[in-house]
Amino acid sequence: MSEKKNLRKIFMNGILDENPTFRMVLGMCPTLAISTAVNQGIGMGLATTFVLVFSNLVISLLRNIIPEKVRIPSFVVVIATFVTIVDQLMKAFVPALSQSLGVYIPLIVVNCIIFARAESYAFKQPPMASLVDGLGMGAGFTLALILLSSVRELLGSGTLMGAQVMPASYHPMAIIIRPPGGFIMLGLLLLVVNAAVKAMQKHKASRAKEESV
Amino acid sequence: MNSLLLIIVGGVLVNNFVMSKFLGICAFLGVSKKTETALGMGMAVTFVMAIASLFTYLVQHYLLIPLHLEYMQTIAFILIIAVLVQSVEMVLKKTSRSLYLALGVYLPLITTNCAVLGVAINNTTAVEGGYNLIQSVVNGTAGALGFTLAIVAFAAIRERLEIGNMPKWMDGFPGALIGAGLMSIAFQGFSGLIH
Numbered sequence: 001m002s003e004k005k006n007l008r009k010i011f012m013n014g015i016l017d018e019n020p021t022f023r024m025v026l027g028m029c030p031t032l033a034i035s036t037a038v039n040q041g042i043g044m045g046l047a048t049t050f051v052l053v054f055s056n057l058v059i060s061l062l063r064n065i066i067p068e069k070v071r072i073p074s075f076v077v078v079i080a081t082f083v084t085i086v087d088q089l090m091k092a093f094v095p096a097l098s099q100s101l102g103v104y105i106p107l108i109v110v111n112c113i114i115f116a117r118a119e120s121y122a123f124k125q126p127p128m129a130s131l132v133d134g135l136g137m138g139a140g141f142t143l144a145l146i147l148l149s150s151v152r153e154l155l156g157s158g159t160l161m162g163a164q165v166m167p168a169s170y171h172p173m174a175i176i177i178r179p180p181g182g183f184i185m186l187g188l189l190l191l192v193v194n195a196a197v198k199a200m201q202k203h204k205a206s207r208a209k210e211e212s213v
Numbered sequence: 001m002n003s004l005l006l007i008i009v010g011g012v013l014v015n016n017f018v019m020s021k022f023l024g025i026c027a028f029l030g031v032s033k034k035t036e037t038a039l040g041m042g043m044a045v046t047f048v049m050a051i052a053s054l055f056t057y058l059v060q061h062y063l064l065i066p067l068h069l070e071y072m073q074t075i076a077f078i079l080i081i082a083v084l085v086q087s088v089e090m091v092l093k094k095t096s097r098s099l100y101l102a103l104g105v106y107l108p109l110i111t112t113n114c115a116v117l118g119v120a121i122n123n124t125t126a127v128e129g130g131y132n133l134i135q136s137v138v139n140g141t142a143g144a145l146g147f148t149l150a151i152v153a154f155a156a157i158r159e160r161l162e163i164g165n166m167p168k169w170m171d172g173f174p175g176a177l178i179g180a181g182l183m184s185i186a187f188q189g190f191s192g193l194i195h
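Respectively, the protein sequence lines represent chains A and U. Under the numbering used here, the first residue of the first sequence is numbered 1, with each subsequent residue one higher. Under the numbering used here, the first residue of the second sequence is numbered 1, with each subsequent residue one higher.
Bound-form chain A, shown alone (with noise of 0.2 Å):
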C-alpha cells in the first residue's frame, strides 16, 4: 500500500512539485518552437514522455553496470537509440505530425529534461521508481506543452486542433504563433504559474500558522 503511495507521489512531483518546464525551466527549445498548434504539442510531449520513461527505466537497469566515469556517453546512446525508434516510428504512423515537428524529433537527443532526470534520478534510483518519475516528467512535460500551445494557437490562429472556435470577428494574431509570440506567452504563462504557486505557498503557511495557534 505505502508502496502504491510512493510511486503516486514520485509521479505528482514531475506534473507538480518540479514540472520541467514551469518549474526547472528545462527543455525550452522544443516548448518554444513546436507550441504553434495543440496538436504539435500533444505529439512532442508524448514522443518526449516514450523517450524518457524507456530511457530512465534502461539507465536504471544498468546503473550498476556502468562505470561513473562513462556514464555521459552511455547516457547518450541509450537516450539516441529510444529517440531513432520514435523518429522512426513517427515517420511511419503519423507522417504528416513527424513533417511538421521536423528537426525538434531527432533534437529530443539533447533535450535537457532527459539528461537531468537520467543523471539527477535513474542513475540512482531503482528501475520501477526511475519509471513511474520518467512517466510524471513526461507528463508534466506534455501538460505544460498542451497549456501553452492552446493558448498559442487559440489567440495565433482562433482554432483549437485545427478547429475553428473563436467567432468568425475575431482576428487572429499572427504575432502569438511567430517566434516572438513564443517567447513572450511563455513569460506570460510563467508569470501566471509562478504567482499561483506563491499564492499556494502563502495560504498552506498560514494554514499551518493556524493549526499551531
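Fair warning: there could be bad hints in the mix.
Restricting the straight-line Cα-Cα distance to at most 30 Å, the calculated cross-link-like pairs of lysine-lysine (DSS-like) are [as the list claims (entries may be wrong)]:
1. Lys69(A) x Lys94(U)
2. Lys5(A) x Lys124(A)
3. Lys9(A) x Lys209(A)
4. Lys69(A) x Lys204(A)
5. Lys168(U) x Lys209(A)
6. Lys34(U) x Lys93(U)
7. Lys9(A) x Lys202(A)
8. Lys204(A) x Lys5(A)
9. Lys69(A) x Lys168(U)
10. Lys9(A) x Lys124(A)
11. Lys94(U) x Lys34(U)
12. Lys33(U) x Lys204(A)
13. Lys202(A) x Lys168(U)
14. Lys198(A) x Lys94(U)
15. Lys209(A) x Lys198(A)
16. Lys33(U) x Lys168(U)
17. Lys5(A) x Lys202(A)
18. Lys168(U) x Lys34(U)
19. Lys33(U) x Lys198(A)
20. Lys4(A) x Lys91(A)
21. Lys198(A) x Lys93(U)
22. Lys93(U) x Lys33(U)
23. Lys124(A) x Lys69(A)
24. Lys5(A) x Lys209(A)
Facing chain A, from chain U, some residues (calculated, C-beta under 8 Å) [as the list claims (entries may be wrong)]:
25. Ser20
26. Ile121
27. Ala180
Have a look at the derived ranges for each label pair, beta carbon to beta carbon [to be verified]:
28. Glu159(U) x Pro172(A): 49 to 55 Å
29. Leu4(U) x Gln99(A): 26 to 32 Å
30. Glu159(U) x Thr159(A): 39 to 45 Å
31. Lys168(U) x Met161(A): 33 to 39 Å
32. Ile42(A) x Ile163(U): 38 to 44 Å
33. Met90(U) x Lys9(A): 29 to 35 Å
34. Leu39(U) x Leu188(A): 36 to 42 Å
35. Asp171(U) x Lys5(A): 56 to 62 Å
36. Lys168(U) x Ser100(A): 35 to 41 Å
37. Lys94(U) x Ala208(A): 54 to 60 Å
38. Ala199(A) x Leu193(U): 43 to 49 Å
The set of hints was computed from the structure by calculation and includes no laboratory data. We put the CB at the ideal spot given by N, CA and C, even for glycine.
Go by the hints and put chain U onto chain A.
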C-alpha cells in the same frame, strides 16, 4: 559565391538560430547574465559548430550514405559532437593555455547545446541532397555567429535590466523571456532581406 553570401546573411540575421529557430535556448537563457561570459560561450559555440559541420558532413557523405545507414544519423551525429567537444577541450588544454582558460568552462556545456546538432541535421536537409562541404561549414559558422550576436545582445539587455527598476513579479525568467520576445520582434524585421 552568391549562395554563400545568402547562407551567411540567412544564418546570422534572417533565420537566426536563437531568435527564429529556437535552437540553443538553454545556453541562451542560462549563460546570458554577463556580456563577457556570453561572448565566451558564443566563441566556444562558433568554434565547435564550424568543426562539427565539417566532421558531420564527412561522416554523412562517406560513411552513412554509402552504407545506407541514414537512419543512424542522430546517434552518429551526437556521438561525433560529444567526441569532438571532448577532444577540442584536450587539444586546447595542451596547446593554447589562454584559449583554454577563455573557452574551457563552456565546452562541456556545448554537447547538449541543440544548436550544434541542429545545424548538423540542417546541413543535410536544408536543400535537396544537403549542402556541399563548403556550404556546410559556412552555414555552421554563420549560424554560430548569429547565436553569438543574439546571446551577447541579450546579455547586454539583461545587464541593463539588473540595474533598472523592474517590477518584482517580473524578476527572473518571466522578465527575461519577455525581453527575449521583444528582441525577437526586432529580428523579425530582417526577414525581408532575402526571399
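Outcome of the hint check:
1. Lys69(A) x Lys94(U): holds (21 Å)
2. Lys5(A) x Lys124(A): Holds, because 20 Å separates the two Cα atoms, which is no more than 30 Å.
3. Lys9(A) x Lys209(A): holds (25 Å)
4. Lys69(A) x Lys204(A): Violated. Lysine 69(A) to lysine 204(A) sits at ~43 Å, over the 30 Å cutoff.
5. Lys168(U) x Lys209(A): holds (26 Å)
6. Lys34(U) x Lys93(U): holds (24 Å)
7. Lys9(A) x Lys202(A): This hinted pair holds, its Cα atoms lying about 22 Å apart.
8. Lys204(A) x Lys5(A): holds (22 Å)
9. Lys69(A) x Lys168(U): Between lysine 69(A) and lysine 168(U) the Cα gap is close to 43 Å, so the pair fails against 30 Å, i.e. violated.
10. Lys9(A) x Lys124(A): holds (17 Å)
11. Lys94(U) x Lys34(U): The hint holds at about 28 Å.
12. Lys33(U) x Lys204(A): violated (33 Å)
13. Lys202(A) x Lys168(U): Given pair lysine 202(A), lysine 168(U) holds - Cα atoms ~17 Å apart, limit 30 Å.
14. Lys198(A) x Lys94(U): Judged against 30 Å, a Cα distance of about 50 Å means the pair is violated.
15. Lys209(A) x Lys198(A): Judged against 30 Å, a Cα distance of about 16 Å means the pair holds.
16. Lys33(U) x Lys168(U): Holds, because 18 Å separates the two Cα atoms, which is no more than 30 Å.
17. Lys5(A) x Lys202(A): holds (26 Å)
18. Lys168(U) x Lys34(U): Holds, at roughly 21 Å.
19. Lys33(U) x Lys198(A): holds (25 Å)
20. Lys4(A) x Lys91(A): Violated, at about 37 Å.
21. Lys198(A) x Lys93(U): violated (46 Å)
22. Lys93(U) x Lys33(U): holds (26 Å)
23. Lys124(A) x Lys69(A): holds (15 Å)
24. Lys5(A) x Lys209(A): holds (27 Å)
25. Ser20: holds (5 Å)
26. Ile121: holds (5 Å)
27. Ala180: holds (4 Å)
28. Glu159(U) x Pro172(A): 49 to 55 Å: violated (36 Å)
29. Leu4(U) x Gln99(A): 26 to 32 Å: About 28 Å separates the Cβ atoms of leucine 4(U) and glutamine 99(A), which means 26 to 32 Å holds.
30. Glu159(U) x Thr159(A): 39 to 45 Å: At 40 Å between Cβs, range holds.
31. Lys168(U) x Met161(A): 33 to 39 Å: Because 37 Å falls inside the window, the suggested range holds.
32. Ile42(A) x Ile163(U): 38 to 44 Å: holds (42 Å)
33. Met90(U) x Lys9(A): 29 to 35 Å: At 43 Å between Cβs, range violated.
34. Leu39(U) x Leu188(A): 36 to 42 Å: violated (30 Å)
35. Asp171(U) x Lys5(A): 56 to 62 Å: Distance hint for aspartate 171(U), lysine 5(A) is violated at roughly 36 Å.
36. Lys168(U) x Ser100(A): 35 to 41 Å: Check passed, 39 Å falls within 35 to 41 Å.
37. Lys94(U) x Ala208(A): 54 to 60 Å: Cβ of lysine 94(U) to Cβ of alanine 208(A): about 58 Å, so the range 54 to 60 Å holds.
38. Ala199(A) x Leu193(U): 43 to 49 Å: holds (46 Å)
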